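**Student:** The primary structure of each chain is shown beneath.
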Amino acid sequence: MANYYDIHDILMQDENVSTVFLHKANGAGFLDPSSEDNNVARGSVVDLPLWLAQDLVQRQIVHVKLPSCFNARVRKEVQADPACIDLRSKCPFYYEMGCKLVELNVDPTLGPYLLDTLRGRYKDLLCKALTATLTGNPKFVPLLTEEETRLFEAGRDSMKAFKKWRLQGPRLERAAILGRKRTRDPTPIWS
Amino acid sequence: MFGRTAAQLVREVNNDDQHIRRFNYDLFDKVIAEIQEHFQQVTTIMEKGQEENEDGQITSVDENYNGAVIHHQSILRNKRCLLAYMYHRANRLQRLRWQLGAVLPEDVKGLLHPSEKEFVKSYSEALSSYMTKLDIDLTVDITPPKDPYIQVRVLDNIGEVLLGDQSTSLVRNSIHFVKRSEAETLISQGLLEEFTG
Numbered sequence: 001m002a003n004y005y006d007i008h009d010i011l012m013q014d015e016n017v018s019t020v021f022l023h024k025a026n027g028a029g030f031l032d033p034s035s036e037d038n039n040v041a042r043g044s045v046v047d048l049p050l051w052l053a054q055d056l057v058q059r060q061i062v063h064v065k066l067p068s069c070f071n072a073r074v075r076k077e078v079q080a081d082p083a084c085i086d087l088r089s090k091c092p093f094y095y096e097m098g099c100k101l102v103e104l105n106v107d108p109t110l111g112p113y114l115l116d117t118l119r120g121r122y123k124d125l126l127c128k129a130l131t132a133t134l135t136g137n138p139k140f141v142p143l144l145t146e147e148e149t150r151l152f153e154a155g156r157d158s159m160k161a162f163k164k165w166r167l168q169g170p171r172l173e174r175a176a177i178l179g180r181k182r183t184r185d186p187t188p189i190w191s
Numbered sequence: 001m002f003g004r005t006a007a008q009l010v011r012e013v014n015n016d017d018q019h020i021r022r023f024n025y026d027l028f029d030k031v032i033a034e035i036q037e038h039f040q041q042v043t044t045i046m047e048k049g050q051e052e053n054e055d056g057q058i059t060s061v062d063e064n065y066n067g068a069v070i071h072h073q074s075i076l077r078n079k080r081c082l083l084a085y086m087y088h089r090a091n092r093l094q095r096l097r098w099q100l101g102a103v104l105p106e107d108v109k110g111l112l113h114p115s116e117k118e119f120v121k122s123y124s125e126a127l128s129s130y131m132t133k134l135d136i137d138l139t140v141d142i143t144p145p146k147d148p149y150i151q152v153r154v155l156d157n158i159g160e161v162l163l164g165d166q167s168t169s170l171v172r173n174s175i176h177f178v179k180r181s182e183a184e185t186l187i188s189q190g191l192l193e194e195f196t197g
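Note that the protein sequences, when read in sequence, are chains A and B.
Heads up: the first sequence runs through residues 1 to 191, numbered per UniProt numbering.
Heads up: the second sequence runs through residues 1 to 197, numbered per UniProt numbering.
Read the hints as simulated data drawn from the structure, not as lab findings.
Mixed in with the good hints, there may be bad ones.
Computed cross-link-like contacts, BS3-like style, restricted to lysine-lysine with a CA-CA straight-line distance of at most 27 Å [what the hints assert, rightly or not]: (1) A:Lys164 <-> B:Lys48; (2) A:Lys160 <-> B:Lys48; (3) B:Lys48 <-> A:Lys24; (4) A:Lys90 <-> A:Lys139.
Since we're looking at a predicted model, the values are computed, not measured.
Based on the provided sequences and hints, a complete structural model is requested.
**Tutor:** Rendered as structure tokens:
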């Protein structure tokens with residue numbers, strides 16, 4: 001269970017999954033725009049955010065369908081060359097979302113598949129993180145999922161810190177909230 | 001609906017890690033209104049269910065129960081988002097107390113909710129009273145020192161400042177050799193910078 005205040009966890013659970021209602025639900029018409037009487041009928045297919053779907057599956061009110069970003073076609077693409085697939089466009093929280101779906105027993109092969117995917121992408125990611133130039137975002141960053149971006153930044157920042165330590169740069173810095181820009185004195189020094 | 005407004009609020013905190021934005025009264029009130037609406041829906045569903053069942057109980061196979069669960073979960077979700085928003089802002093304010101000292105800059109103060117100002121005040125008081133009891137200033141030497149003295153360059157005309165036992169005139173671009181513990185707060189306030197020639 002993630003931390004209650006974890007921002008990433010909260011945002012990740014905002015992703016939609018497609019679900020089928022196994023029972024009728026009264027008074028929840030806002031979920032299904034096609035319903036006429038403010039009820040969700042049995043068997044209707046509704047896109048629900050993960051936080052809602054998760055709870056409803058445990059109560060056996062809905063059944064979750066496997067999202068398209070984990071279907072067989074995508075899996076084949078990923079298996080062909082994990083490192084150069086744009087996973088972010090498929091789902092920005094690919095792994096964490098996958099892990100949640102594993103908990104819900106959506107597909108037994110999903111867990112091993114996720115592990116293989118990360119394994120395939122990790123080596124490349126690490127190489128790039130440790131050799132990245134210190135400024136600017138390289139062009140492969142938009143291909144990474146949120147989790148991978150965090151890994152990448154962690155790697156890059158530790159390299160940065162290491163280089164700074166080697167060069168004995170200044171260790172005391174102004175608080176980041178004050179901004180990088182120096183407030184310029186309007187009168188020149190020589191006046 | 002779907003807690004999207006609340007998620008937007010959380011996304012706002014996520015976007016910039018260091019800075020504090022103006023407290024978003026607008027979205028915050030919207031989320032609270034949404035919670036109230038869900039609450040109303042739960043009450044209506046419950047009342048309707050009790051009328052339909054003669055024994056007045058709602059069981060877990062009931063259609064009304066399913067609807068009520070959905071609204072209840074939406075309330076919990078919105079609550080979580082609101083709390084996370086407040087929590088992360090409070091965390092940042094705590095960090096500022098360590099970096100900038102007891103007095104917040106005016107422009108930061110303008111961004112806060114009244115309750116957050118109250119929080120900063122109480123937190124600062126609690127920390128100060130703790131440090132007085134211990135008789136140590138805990139906010140200095142956050143990074144371990146190598147030398148008790150450092151060279152600093154002045155970034156702004158500050159004027160006469162009492163450093164150690166003597167008063168020093170800090171003129172812009174002058175370089176001084178001062179005690180590290182005294183320079184530390186001034187550096188994090190952006191008035192000095194560590195000089196590594």
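**Student:** Hint by hint, where does the structure go against what was stated? Just the numbers, ascending.
**Tutor:** 1 and 2
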